[in-house]
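Colleague: Since the structure of chain A is provided, determine the placement of chain B on it from the hints.
Just so you know, the sequences run in chain order A and B. Everything in the first sequence is counted per the numbering used here, starting at 14 for the first residue and increasing by one. Everything in the second sequence is counted per the numbering used here, starting at 14 for the first residue and increasing by one.
Heads up, a few of these hints could be off.
Note that the list lumps identical chains together, so a pair holds whenever it fits in one copy or between two copies.
Derived lysine-lysine pairs resembling DSBU-like cross-links, with alpha carbons at most 30 Å apart [to be verified]:
1) K224 x K21
2) K21 x K56
3) K293 x K280
4) K21 x K344
Bear in mind the hints are in silico, worked out from the structure with no lab data behind them.
2 protein chains.
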Amino acid sequence: MMKRIGEKARSAAAELALLKPDVKNNALLAMADSFLAHREILKAENEKDLQKGREKGLSKAMLDRLLLNDKRIEKMSDALREVAALDDPVGEIYDMKIRPNGLKVARMRCPIGVIGIIYESRPDVTADAGCLCIKSGNAVILRGGSEAIHSNTIIARLMNEAGAKEGLPEGAIQIIPTTDRQAVDAMLKAREWIDLIIPRGGTELIEKVSKNSLIPVIKHYSGNCYIYVDETADPEEAVGIIVNAKTQRPGVCNALETLLIQKDIAKKFLKKLAPRLLEKGVEIRGDETVCSVVPEAVPARESDWEEEYLDLILAVKTAGSLEEATSFINKHGSHHTDAILTKDYNHAMTFLSSVDSACVLVNCSTRFSDGGEFGMGCEIGISTDKLHARGPMGLRELTTSKFVVFGNGQIRL
Amino acid sequence: MMKRIGEKARSAAAELALLKPDVKNNALLAMADSFLAHREILKAENEKDLQKGREKGLSKAMLDRLLLNDKRIEKMSDALREVAALDDPVGEIYDMKIRPNGLKVARMRCPIGVIGIIYESRPDVTADAGCLCIKSGNAVILRGGSEAIHSNTIIARLMNEAGAKEGLPEGAIQIIPTTDRQAVDAMLKAREWIDLIIPRGGTELIEKVSKNSLIPVIKHYSGNCYIYVDETADPEEAVGIIVNAKTQRPGVCNALETLLIQKDIAKKFLKKLAPRLLEKGVEIRGDETVCSVVPEAVPARESDWEEEYLDLILAVKTAGSLEEATSFINKHGSHHTDAILTKDYNHAMTFLSSVDSACVLVNCSTRFSDGGEFGMGCEIGISTDKLHARGPMGLRELTTSKFVVFGNGQIRL
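Chain A extracted, bound-state conformation (with noise of 0.2 Å):
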């Protein structure tokens, strides 16, 4: 089976590499008119999923996640619109460089080849990532959670329908089309047929998946994000910040986890940002200096500088210097997104420097982490990977690049 998918998914990439912005453009339009056009038969197949994952008794959270009603459909066939206004990344010549010979030598952004998908129940996830690797020109085969299948195969065949009477290639988006579990081991082995691995899921899907696979693959693990308040920070904006990374949105992985303030300046600073975290219902696990001023607090254990609480809990701590802040940081962050508040430019440089993380900010609430937010139009995911790319994923991650030299006659001496 594995072979059939991926000889197909080859085919279709070599002539979707090729293929005009417009006919991508409009494929990608057509898709999410179908969405809208056949929602009664979305809602049906779901509903296929959602009686399937009753009787095995999955939970309210899953069941919801899984669920395709009116306004997902919509947001989805939105999601497809948004990606076709964006521009098209593949074919552009840039960093050329002229040689002392003439040779114009430049670098030509094109698509990756066949990009394989593991991810879980969320059935959205098959037309966010399928019509990404079909904008940046990548065939795409998707492997889902099997409790969503009925969904994802039918999404997958609308997009498939609709994308084919505007150009598409057949096997351009390819669902693997049963639940059994060898099938994942199988794509995982397939070096020929894919280029790329990304798993989509929790951290347990993302290791099994890095330890099995053949084939490269780019992680994003979770996000413990650390904000230092350094001495010279203006605190009534310090405040500001740190209420917003933490309360704002506290379910996601660029939310605050952590708070690193200079010990000169805690406890003044922590009289004016308790009474402002526990209004908005934070529960605050500091240590001994932050027990000391914030009666609330209750006492934090070593584990708590490491976990991403995903909710309106936030740990504190006192931080001799920059330097104790960075190296505790690199230690027990998750080198996702980490933040300083400073007036001084020395530590702002040192800091952007020396915290090896995937996204590195200045005055600023760590939930800008974010393709969205970075003018990218979109992400795919925030790798917490180092190679190929790191940090919010757009569609400019979903391509590689080939060298492109434009000669008159040049030989070499």
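Modeller: For chain B alone, kept in the frame of chain A given last:
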């Protein structure tokens, strides 16, 4: 053992990432001086490897690759000076976007961390790979061929001693101090301590490394380079380029191996080309048309279209059209370096987009496919992979990036 080496490398990497360019450059220059000052020790240690190699009955070619003589020591020393003179890639901020809320979002180039190099007999790779990793701010763990262990060890020792005096951290360059084969396996599983593996050597080594590694690997397979002569090519210029690409240095990966000629001009063009190749001693292996025009040609077999000769042999075939040529190259080539010779603008642009290779050239010799010739200053290899780095890999390809965000109080609404 791997744990001890790995921890040392990690700690060195953290320091290396923050070193000033001057410190790194002075260290490289001190290493270059040290090689020249310690010629006799280098040659004596090398002689131990040669002696053992002779006893083991290594081939003449192998023994030659092992040899360190004065000339090669000087070359190794010069290479270090050249790398010292290159621009430092670490810390460069680029690709900045100003967001509507005033956030300045950019990327900053930074070291990858710890790089593992697995290579075969040539001891100069120790110096070469070591200095490129240091210059790009990475720690490096080197595992050379067992037959070069004494040479590799003394080279690394001299580099570390000279580097330490200039402020390089201990553990910047480490050699796996055993010829035990299990050490390679341990290295390939050391995900915690090594971020990237680069194998340098034959296909067998590369294949073995990439199959067993849990760490990302950047591979560079062989080069079966193609040139396609379009019907509009300038015949005199085309002959010059083809002769250069085939004969200027036939034993390297960017030498021409297969020639496609558009069928309408094939006979006339071959009459011009064949004598020029034959006088250089090139054996022509042709399809039916070629053999009918060139009496000296021998009939090509199917395998000839895929072979990397690294010798004065050229496979020559006619192609009906540009599309036939690009399909043939994508199917039978090695995705390394391919060129078109043409005066037609649309053909040139189509070839650049359609050929799925690391380097795609118009109207120049394939021999230019090289880090030095591309203006990258040096190269650690030519990647035939698509992720992270593709084509010649210079200092920049030994770095990753992080997002850096300059704010002034922004919170997310």
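Colleague: All hints are to be evaluated individually against the structure, with a verdict given for each.
Modeller: Against the structure, the hints come out as follows:
1. Proximity of K224 to K21 under the C-alpha cut-off of 30 Å is found in both arrangements, the shortest distances being 26 Å within a copy and 25 Å between copies.
2. Taking CA atoms no more than 30 Å apart as the test, K21 paired with K56 passes inside one copy only; the shortest distance there is 29 Å, against 56 Å between copies.
3. For a Cα distance limit of 30 Å, the shortest separation of K293 from K280 inside one copy, 20 Å, qualifies, whereas the shortest one across copies, 83 Å, does not.
4. Taking the shortest alpha-carbon separations for K21 and K344, only the inter-copy value of 15 Å comes in at or below 30 Å, while the best intra-copy value is 45 Å.
The structure fails none of the hints (numbered hints given earlier).
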